[in-house]
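Q: The primary structure of each chain is shown beneath.
Number of protein chains: 2
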Amino acid sequence: MLATAVAEARAGLAEGGIPIGAALYDFDGTVLGRGHNRRVQDGDPSAHAETTAFRAAGRRRDYRGTTMVTTLSPCWFCCGLIRQFGIPRVLIGETRTFHGGHDWLAQSGIRIVLLDDAECRTLLREFIAARPALWNEDIGHE
Amino acid sequence: MLATAVAEARAGLAEGGIPIGAALYDFDGTVLGRGHNRRVQDGDPSAHAETTAFRAAGRRRDYRGTTMVTTLSPCWFCCGLIRQFGIPRVLIGETRTFHGGHDWLAQSGIRIVLLDDAECRTLLREFIAARPALWNEDIGHE
Numbered sequence: 001m002l003a004t005a006v007a008e009a010r011a012g013l014a015e016g017g018i019p020i021g022a023a024l025y026d027f028d029g030t031v032l033g034r035g036h037n038r039r040v041q042d043g044d045p046s047a048h049a050e051t052t053a054f055r056a057a058g059r060r061r062d063y064r065g066t067t068m069v070t071t072l073s074p075c076w077f078c079c080g081l082i083r084q085f086g087i088p089r090v091l092i093g094e095t096r097t098f099h100g101g102h103d104w105l106a107q108s109g110i111r112i113v114l115l116d117d118a119e120c121r122t123l124l125r126e127f128i129a130a131r132p133a134l135w136n137e138d139i140g141h142e
Numbered sequence: 001m002l003a004t005a006v007a008e009a010r011a012g013l014a015e016g017g018i019p020i021g022a023a024l025y026d027f028d029g030t031v032l033g034r035g036h037n038r039r040v041q042d043g044d045p046s047a048h049a050e051t052t053a054f055r056a057a058g059r060r061r062d063y064r065g066t067t068m069v070t071t072l073s074p075c076w077f078c079c080g081l082i083r084q085f086g087i088p089r090v091l092i093g094e095t096r097t098f099h100g101g102h103d104w105l106a107q108s109g110i111r112i113v114l115l116d117d118a119e120c121r122t123l124l125r126e127f128i129a130a131r132p133a134l135w136n137e138d139i140g141h142e
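Going down the list, the sequences are from chains A and B. All residue numbers for the first sequence refer to the UniProt record's numbering, where the first residue is 1 and numbers rise by one. All residue numbers for the second sequence refer to the UniProt record's numbering, where the first residue is 1 and numbers rise by one.
It cannot be assumed that every hint is accurate.
Taking beta-carbon pairs under 7 Å as the criterion, some of the chain B residues facing chain A (in silico) [unchecked claim]:
1) Ser46
2) Thr51
3) Gly58
4) Cys75
5) Trp76
6) Phe77
7) Cys79
Far from chain B, by Cβ distances over 10 Å, these chain A residues were calculated [claimed, not checked]:
8) Leu2
9) Ala3
10) Arg10
11) Leu13
12) Ala14
13) Phe27
14) Val31
15) Arg96
16) Ala106
17) Gln107
18) Gly109
19) Arg111
20) Leu115
21) Arg121
22) Arg125
23) Glu126
In case anyone wonders, no lab produced these hints; they're calculated from the structure. Every residue gets a Cβ at the ideal spot worked out from N, C-alpha and C, and that includes glycine.
Excised from the complex, chain A in its bound form (with noise of 0.2 Å):
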């Protein structure tokens, strides 16, 4: 599952954006959605890679037995959604780049699967290394 998340931030990447990517998979292994940061290409902030995902699977009633998939540590905003909408379990990348809330979740029941994956480390880190500002703008740091 680590690998279409993977492949959704080099997609990402490619484009010019910020590579971290997500999907959100069924109990049975189909993929719901997936996506990838898009704040350089469409302009939005809201279009973090969890969120974008999310939104790509469309509506649904509910979300048992769905996991979320993501290259790196949700935000707070991703981690609201993730707990706003019951999403049972998260598979988490890496952590090291970034410490989002997944404390949190797993506080509040949810399942939290880390990987500490280093395709995932490096492909954010040069990033971030490369765009320093346009990383602090996505994640709401001065």
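Position chain B against the provided structure of chain A, taking the given hints into account.
A: Below, chain B without anything else, positioned relative to chain A:
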């Protein structure tokens, strides 16, 4: 400022949507972005009012001095947005129909102003009475 959010909620209702509206104001009273819930209109489950108003404001380097105005207590998703991007003040039309995460925002140092507005309550309560399944879908309740 609440009048802008209420006008957005009414516009959403007129389109057949969920009547929740929001606006992001700058320190000097300028509207940076405004919008309403667009789940029905766009088939977009991420289009909560606050997120729609935030998106409409476009990219910004920081949110110092801004106020998010909304007709309803923000859910976890929209609270996460407010916290992640450092929106320092939230003005809320009512919290009785739905109690989201505004206490959590207050604990993190964000200034919360509660209004208990009858028009906001009536608009949403009448809608929920008429379309309970749609409302439950919008907040991820099964």
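Q: Each hint needs a verdict: does it hold in this structure or not?
A: Hint check results:
no.: 1; hint: Ser46; in the structure: holds (5 Å)
no.: 2; hint: Thr51; in the structure: holds (5 Å)
no.: 3; hint: Gly58; in the structure: holds (6 Å)
no.: 4; hint: Cys75; in the structure: holds (5 Å)
no.: 5; hint: Trp76; in the structure: holds (4 Å)
no.: 6; hint: Phe77; in the structure: holds (4 Å)
no.: 7; hint: Cys79; in the structure: holds (6 Å)
no.: 8; hint: Leu2; in the structure: holds (22 Å)
no.: 9; hint: Ala3; in the structure: holds (24 Å)
no.: 10; hint: Arg10; in the structure: holds (23 Å)
no.: 11; hint: Leu13; in the structure: holds (18 Å)
no.: 12; hint: Ala14; in the structure: holds (20 Å)
no.: 13; hint: Phe27; in the structure: holds (15 Å)
no.: 14; hint: Val31; in the structure: holds (16 Å)
no.: 15; hint: Arg96; in the structure: holds (19 Å)
no.: 16; hint: Ala106; in the structure: holds (15 Å)
no.: 17; hint: Gln107; in the structure: holds (12 Å)
no.: 18; hint: Gly109; in the structure: holds (13 Å)
no.: 19; hint: Arg111; in the structure: holds (17 Å)
no.: 20; hint: Leu115; in the structure: holds (22 Å)
no.: 21; hint: Arg121; in the structure: holds (21 Å)
no.: 22; hint: Arg125; in the structure: holds (20 Å)
no.: 23; hint: Glu126; in the structure: holds (22 Å)
Hint compliance for this structure: no hint is broken.
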